[in-house]
Amino acid sequence: MSNTILVFAEQRAGKLKKSAIEAVSEAKRQADKLGGQAFAVVIGNDVQALAESLGQYGAARTFVADNPALANYSSDGYARILAEAVRRAEPAVVLLPASAMGKDLAAGLAGLIKTSVAMDCVEVALADGKLVVKRPVYAGKVTAVCTFRRMPAIVTLRPNVFPAAQPEPARKSETESIPLMFTAADLKSAARELMAVVTKRPELTEAGVIVSGGRGMKGAENFAMLEELADALGAAVGASRAAVDSGWRPHEFQVGQTGKTVSPTLYIACGISGAVQHLAGMSSSKFIVAINKDPDAPIFKAASYGIVGDLFEVVPALAREFKKILQTA
Amino acid sequence: MRVCVCIKRVPDTAANIRIGSDGKTIDPGGVEFVMSPYDEIAIEQALRLKESAGQGEVVVVSLGPSEAAATLRSGLAMGADRAVLLKDPMKYRDPYGVASTLAEELKKMSFDMLLFGKQAVDDDCCQVGSIVAALLGLPFVGIVTKMEVKAGTATVHRQVEGGHEVVEVKLPAAFSCQKGLAEPRLPSLKGIMASKKKPLEERSVATVEPVFEVEKLEYPPRRAPGKIAGQGAEGVAPLLNLLKTEAKIY
Chain A
2 MSNTILVFAE QRAGKLKKSA IEAVSEAKRQ ADKLGGQAFA VVIGNDVQAL
52 AESLGQYGAA RTFVADNPAL ANYSSDGYAR ILAEAVRRAE PAVVLLPASA
102 MGKDLAAGLA GLIKTSVAMD CVEVALADGK LVVKRPVYAG KVTAVCTFRR
152 MPAIVTLRPN VFPAAQPEPA RKSETESIPL MFTAADLKSA ARELMAVVTK
202 RPELTEAGVI VSGGRGMKGA ENFAMLEELA DALGAAVGAS RAAVDSGWRP
252 HEFQVGQTGK TVSPTLYIAC GISGAVQHLA GMSSSKFIVA INKDPDAPIF
302 KAASYGIVGD LFEVVPALAR EFKKILQTA
Chain B
101 MRVCVCIKRV PDTAANIRIG SDGKTIDPGG VEFVMSPYDE IAIEQALRLK
151 ESAGQGEVVV VSLGPSEAAA TLRSGLAMGA DRAVLLKDPM KYRDPYGVAS
201 TLAEELKKMS FDMLLFGKQA VDDDCCQVGS IVAALLGLPF VGIVTKMEVK
251 AGTATVHRQV EGGHEVVEVK LPAAFSCQKG LAEPRLPSLK GIMASKKKPL
301 EERSVATVEP VFEVEKLEYP PRRAPGKIAG QGAEGVAPLL NLLKTEAKIY
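Going down the list, the sequences are from chains A and B.
Using the numbering used here, you'd call the opening residue of the first sequence number 2 and step up by one each time.
Using the numbering used here, you'd call the opening residue of the second sequence number 101 and step up by one each time.
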């Protein structure tokens, strides 16, 4: 078996995603166990310097596809470049962050090299030439332990689960260029533009802290209170399915089985009863705080800490206290 | 507009999931099985495309056990014209196995568009649509929240972190559908009655060698029992204390 780990280092606008740093760090850890090397892949426009900088997280070599035609994500364009990197590196495993781009690209690569992806893994173990991964299924109600029978294995890593390595800024990665083997017109699908929602808050799946609201919020206007608490903590704002179905928050903020699965360090559930489909999406959070007026709400069974009471009193008080603490800290 | 929609029979999201006696699959006892919710969105989108084109056909396809016929019937009740059940002799098929089997069958059919849910809510693999598209040589866009079709070209919004990408593709093409694209209709009584008479063809499919196997299922680690910090606003100070001293959040 090859002892090389190949990792896709996702960037947007020249900036590495946090989940990409986690993936490169994990690639290095796995490569070390095999006595091999971690190779990275960077795709985009004007990304040469970024490619070299991946050495600080442990990439020995980085394949770079650097071209204005690659400025925006293209499902088949990026997949073809990644497939070429796989051909050159002959890795045992290809790691990608389980982000929107990473998951799409992993599936695109799988289509090209005719294999399956283990999506959204929370554990990766490579031993005796066998790759065993753990991945939550049924939105986390159970975990599947899967063994690959064919290499290279394609694996996407759930954000916020694999620790990022301490960067060593002096260490540079060598780079190897992958030329464009197609023109923009050859691509079957390419993003024409990226419409970003302007927000200062982190993305739910990558946030370290999430403040989330449910049916107990009673209306869209009351989410301003959660936003205030979230901003004091640098947190993302999530919602339960009940709140989304009531039209109080857009669907992209839904946490749970038909929304996003999250694993922040701290999840603060406000006015969320804790339906099984919501618990599935957030119970891998490190610490869960529940604020609910119903002492029998199922959310308290999942919670590390709870406050039984009216969230309209508790949340503003909590926001006030956090502001004081974090300002003086 | 001819649209083919691939759907999957899955446990209801409200179901409690228990591990079966083989340790590898779930115990189906007491579990209600439904169409994966994102597949309902795909069917709704297909019906709207056909309706706005004023002509065409919506075909629903499912790979699964013989019970998946009921799932296909609910697609027919929503308004799909006909159904194809690919009876799966395997208890578990890994994603490439599913995709390659679907692709083999879809090759025999003709359509302008192929739709999937963005993921099945059982094994959450979110890749079959993309792999099928690659095997059929079709363009693919995943996690679509908006779609406009004009003169053989689809302009879609693909959801990404913090916004969306606008993607244009020529048909035929494959897409996976996300909540927000189209609110699924409830089948009417008339639709349910009509669904019983609509054609549902059964085909047998071959077994495949899996790329990966599920060795076992495990329950997630149990969380330590929690603590009630207090009642009402008076709980805030003790909560902050726990977050500081125990959780070491700040």
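Hints are not guaranteed to be accurate.
DSS-like, lysine-lysine: derived pairs with alpha carbons at most 27 Å apart [stated by the list, open to error]:
| # | chain 1 | residue 1 | chain 2 | residue 2 |
| --- | --- | --- | --- | --- |
| 1 | B | K344 | A | K294 |
| 2 | A | K173 | A | K115 |
| 3 | A | K189 | B | K246 |
| 4 | A | K325 | B | K344 |
| 5 | A | K18 | B | K246 |
| 6 | B | K246 | B | K150 |
| 7 | B | K327 | B | K298 |
| 8 | A | K18 | B | K348 |
| 9 | A | K34 | A | K19 |
| 10 | A | K287 | B | K344 |
| 11 | A | K189 | B | K316 |
| 12 | A | K19 | B | K348 |
| 13 | B | K348 | A | K115 |
| 14 | A | K201 | B | K344 |
| 15 | B | K344 | A | K189 |
| 16 | B | K150 | A | K261 |
| 17 | A | K173 | A | K18 |
| 18 | A | K294 | A | K219 |
| 19 | A | K324 | B | K344 |
| 20 | B | K316 | A | K287 |
| 21 | A | K18 | A | K189 |
| 22 | A | K302 | A | K261 |
| 23 | A | K131 | B | K316 |
| 24 | B | K327 | A | K294 |
If you're looking for bench data, these hints aren't it; they were derived computationally from the structure.
(request) Against the structure, test the hints numbered earlier, and report the numbers of the ones violated in rising order. (result) 2, 7, 11, 13, 15 and 16
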